[in-house]
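Go by the hints and put chain R onto chain A.
Chains as they are written, first to last, in our numbering: chain A, 1 to 300; chain R, 301 to 644.
Note that these hints are calculated values from the structure, not bench results.
Note that the structure is predicted; figures quoted are calculated from it, not measured.
Take the hints with a grain of salt, since some may be wrong.
[Unchecked claim] With a cut-off of at most 25 Å between alpha-carbon atoms, the simulated DMTMM-like pairs for lysine to aspartate or glutamate come out as follows:
(1) R:K310 x R:D363
(2) A:K107 x R:E314
(3) R:K430 x A:E199
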Amino acid sequence: MKKNNRSVSERRDRMLGVATGLPAIILLCIFTVYPVFYLIYRSLFDGSLISPKKKFVGLDNYVEILSSETFHKVLMNTIIYTVLFVGLTMVLAIIIAVWLNGTRQKKLGNMVQACIFTPHVISMVSVSIVFLWLMEPDTGFFNMIITKLGLEKYPFLSNPKTAMISLVLVMVWKSVGYYVLLVMAALQTVPKSIYEAAELDNTSKFRTFFKITLPMISPTILFTCVVASIASFKIFDAVNVMTQGGPVDSTNTLVYYIYAYAFRLGKPGIACAAGVVLLVLVCIMTYVQFGVSKNKVHYQ
Amino acid sequence: MGTIQLRNVKKQFEKDVVIENLNLDIEDGSFTVLVGPSGCGKSTTLRMITGLDDPTSGEIFIDGQKVNDLTPGKRDIAMVFQNYALYPTMTVRQNIEFGLENKKVPKEERARRVKEICEIVGLTDYLDRKPSKLSGGQRQRVALARAMVKQPKVFLMDEPLSNLDAKLRGQMRVELIGLHKKLGTTFVYVTHDQVEAMSMADTIVLMKDGYIVQQSSPRELYENPNCVYAAQFIGTPQMNILKDVLPEGKMVGFRPEKLSLKPVEEEHITIKASVTTKEMLGSEIIYSLESKYGSLMAKSEHEVDDDAKLELSVPFSSMYLFGSDEKRIALDEEAKALIRKAFA
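So that you can see chain R by itself, here it is in the shape it has in the complex:
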C-alpha cells in the first residue's frame, strides 16, 4: 500500500512562501505526475514527501502514517534524482546494494535481489563498472535499479528523463509505464514537460505558484480544463483564447486541432483568416493565421496555399468559455447566442 496525503502543507524558505496551503491525495498504485512551470512548487512538494525538506507547517501521511518526524531513510520510499545522484566511487553493484546493506539485508538475499533487478533493467553486464564508465541511459537505469531494489511503498522521481536525449527519453517513457504496470507501486513523478505528463500519468496534478490548479486524468485535463491556465498548459500548439471579443471580459477558447479548414455540419461559427506561416510536421501542418479577432493557430492534415484566405469553422462542441477571472463557465444557449452575435 502506498497512499500519500498532504494536509494544509505550507513551505516557506526564509521569507519566501513557496507553498501557501497545499492539500493533495495520491492513490495507492497510481502514476501521479506533478506538472507545472519551474518555480511552481512541484519539486518542493516532492522533496517534502521524501523528507529531504521539512514542511513549515501541515502534515504529510504515507500509507496512513504521519511521517513528518521520520527521516527520509525511514519513510519506505525511493527516489530517482534528476542528475541520478549515483555514488561515483562505487561500482554499479555497490550503488544498488548500498541501501540494502544499510538495512542489514543478508548477503545472499542482497545478491539475489540485485541479480533480479539488473535482469529487469538490463544492467547485468555492467555490474562491476563505475558510473563514470556508463552512458546517460545506463546511469538512468542504475538510478532506477537502486530505487527498485529497496522495494519501497512509493517511488518518487524528480524529472528523471530531462538529462536524456529525445530518442532515449521516448524509450524510457515507455519503459517506465511498463515498469509501473509490472510493479503496481505508487509512482509520483515531477516534470515540467506536458508531453511526459500526458503520456505517462493516470493522474495529473497541474500546479502553479504553489497551489494545485487541477487534478484529474490526462483525458479529463485535455477535454475539460477548468481554467485558461490549464487549457493552455496542455496541448501543442496551445489553445487559442480570444479575448476582447465577448462582452464583460469573457473569453472563448478552442484547440488548434479543432479548427476546421472545411465547413462542418454541426452547429458552429465561422472565422475568416489568412495564412501567415506554415509548419510542415509530416502527418499534419501547423498554420499561423491572422483574423480580425487576433492571431490564431490551427493544426490540420489538409494543406492549403501559403497565402490562402480561409473560412474556418469552429464547432460549439469544441469550444470553451471562460469568465473574466479566467475560470471555466458553462457554454449554455444564452452564451452560444452571445458568441454567434460576436462572430457574426
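Excised from the complex, chain A in its bound form:
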C-alpha cells in the first residue's frame, strides 16, 4: 500500500516535470533544433531563396567552399579575429577588474566602471558608425590628433594590413566592460582571509596574483573565454557596417561570408554549408577549451 502511494506521488512529480518543461522544449525544438537540421538539409541543395525549385547537389556545396581560396581566407580571418579579440579582452578585463576590486578610491573606481561598461549598452550599429567617422583616414578625429602630435596618418579601416586590428580594437572597446563585470564578480567571491594568509606568508603582490587570484577565478575566466570566443566567431554587424568584409576581404569573417552568399549572391546552399562549418568549428573549439583547461581550472 505504502509502495503504491509513493509511486503515485512519483508519477505525479514526473507529470508535473514534463508539463512545466514542455513549453520550453517545444520552443527549443521549433527555433533551435529544427533550424539546425534544416540548415544541414538545405546545405545539400542548390537554388535561390525565393524560387521553390531546389536541386539536390550532395556535398558539392562543401566541396566548393572548402576548395575556395576566399573561404580559406575568411576562416583564417575569423580565427585571427577571435584570438586577438579574446586575448586582448581577457587580459584587459582581468587587469581592470583586479585594479577596480583592489582600489581604495571608490569614487574613481565607480566612475571608471561606469565609463567602461557604457559602450556595452550602446547598439553595435551606432558604435560602428561613430568609429567609422573617428577612424576616417583623412578627416577622422583619430588622425586629426595623430597629425597634431606630428605623427604619420594611420590608415585604420582603409588598408588591408590595418583593417583587422582596427576592427578588433573597436570590438574590445565595446565589450571589455561587460567582461570586467564578470571577472569582478568572480574576484569578490575569493575569501579575504586567503589574501590575509598569503600576506602572513610574505607573498609578493605578483605571486599572490598568479598563485592565488588567478587560480581562484579560473572557472569564470574559462567561461568568459568560451563565451567570448563563440561571440567573436559570430561577429557580423560591425563588419557589415564598417567594412563589408573589405578591403580585399581582409575583414571578411565567416558570418559575413554566409550573409553575403545567402542574401547578396543568391546562393543559400553555399551559405548553409558555411553555416554547418561554423557550427562544427564552434563545437570543436568549445570542446577543446574545456578539455585543455580541465586540469587548470579549479572548481570549488
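Relative to chain A, chain R alone:
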C-alpha cells in the same frame, strides 16, 4: 624568544572606537588566551599584533622590536584562522610549503621540514590532496602545519576550534596543549569560550569593551576575580551575585559549586530555598533555587527531591564581596558582621 608588548594602543574604525588605550604584556613561551564576548576587541587586538590591521595610535613590540611599520610577512609570526584560510587551489603540501617558497628556503630543506611537520600533525597520507577533500579536523591540522613549518617566534590563533564538533574540539584542545609544551613558543589564542580559555591557557587576558578586565592565571581568575564581570564570566553555571541584600549597593557572590546542601562546620551563613528545577548531568546535579533573596543556582553531587525545601550553607571562605561599582572589596570582619546581619 617571542615576547609581545602593546603600549597605549588605540584602534578606531572610522568613528567607532573599538580599543581606547590598551597595554598588554605577553611573556615569551606563554600560552596566553584572550577571552571575552564578541565585540570586546580580542580579535582586533590579535589582528593588530599580526599586522593585518594597523593600530590608530600606540606601539606594538615583538621580541623587543617595534613592528608597527613591518608588514605581516616580516613579523616572524604565524596565524591560524577561524575558517583556516587554506589555499583551495593548492594541495596540502603546496599549502604548507607556500610560505617557505616565499622565503626562498631551498627545496631539500623544504621537503625535510614538510615531512617532519606532517609526521607531527599526522598529515603524511594526505599531502597530495586538496583541502576540499579533507575533513574539518584535517583542514585544521593543515592550518596548524602551515603555521608550524615557518618556525615563527609567535603563534597567533583566532578561534581555531570553533568550526569543529564538540568531540573533535576536546581532542584538538589536548593536542594544542601538547604542541605548546613541545614547541615552547609563545601562543596567543583568541576565543569567546571560557572552557577553552580555562583549559589551555597559562595566562588569561579577560577583555570587555576594548579594555583588559583582568590578566592572570586560570586558577587566579577563578579564585580571585577582581570584579563582578570577571566573577561571572568564568564558571558554569555562573556565580550567584545577590544584589539588594546588603546596604550601600554592595553585592555578595558565591559560586554554585560552593553552595552546600548540607550544614558545614566552618563559619557560614544559611539561606532557605526551594528547588524549582533540576538538571542531572551525571557526575553532578545543577539546581535552580528560589529564595527570599532571589533565584540561585547550585551545583552538587547530592540529589534531593524535586520540590524539596532546603537550608543551604555558604561558608565565608567561598564568599566574594563587591562594591556598588562592581569592583571586588575585602571581606573583613566588619563586612562579615554586615552579611551575618543581612542573612539572619
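_So if I understand the rule, the pair passes when the alpha-carbon distance is 25 Å or less; does K430 of chain R with E199 of chain A pass?_
21 Å, holds
*Is the hinted pair K107 of chain A and E314 of chain R satisfied, with a Cα-Cα distance of at most 25 Å?*
18 Å, holds
*Is it true that the CA of K310 of chain R sits at most 25 Å from the CA of D363 of chain R?*
21 Å, holds
The structure agrees with every numbered hint stated previously.
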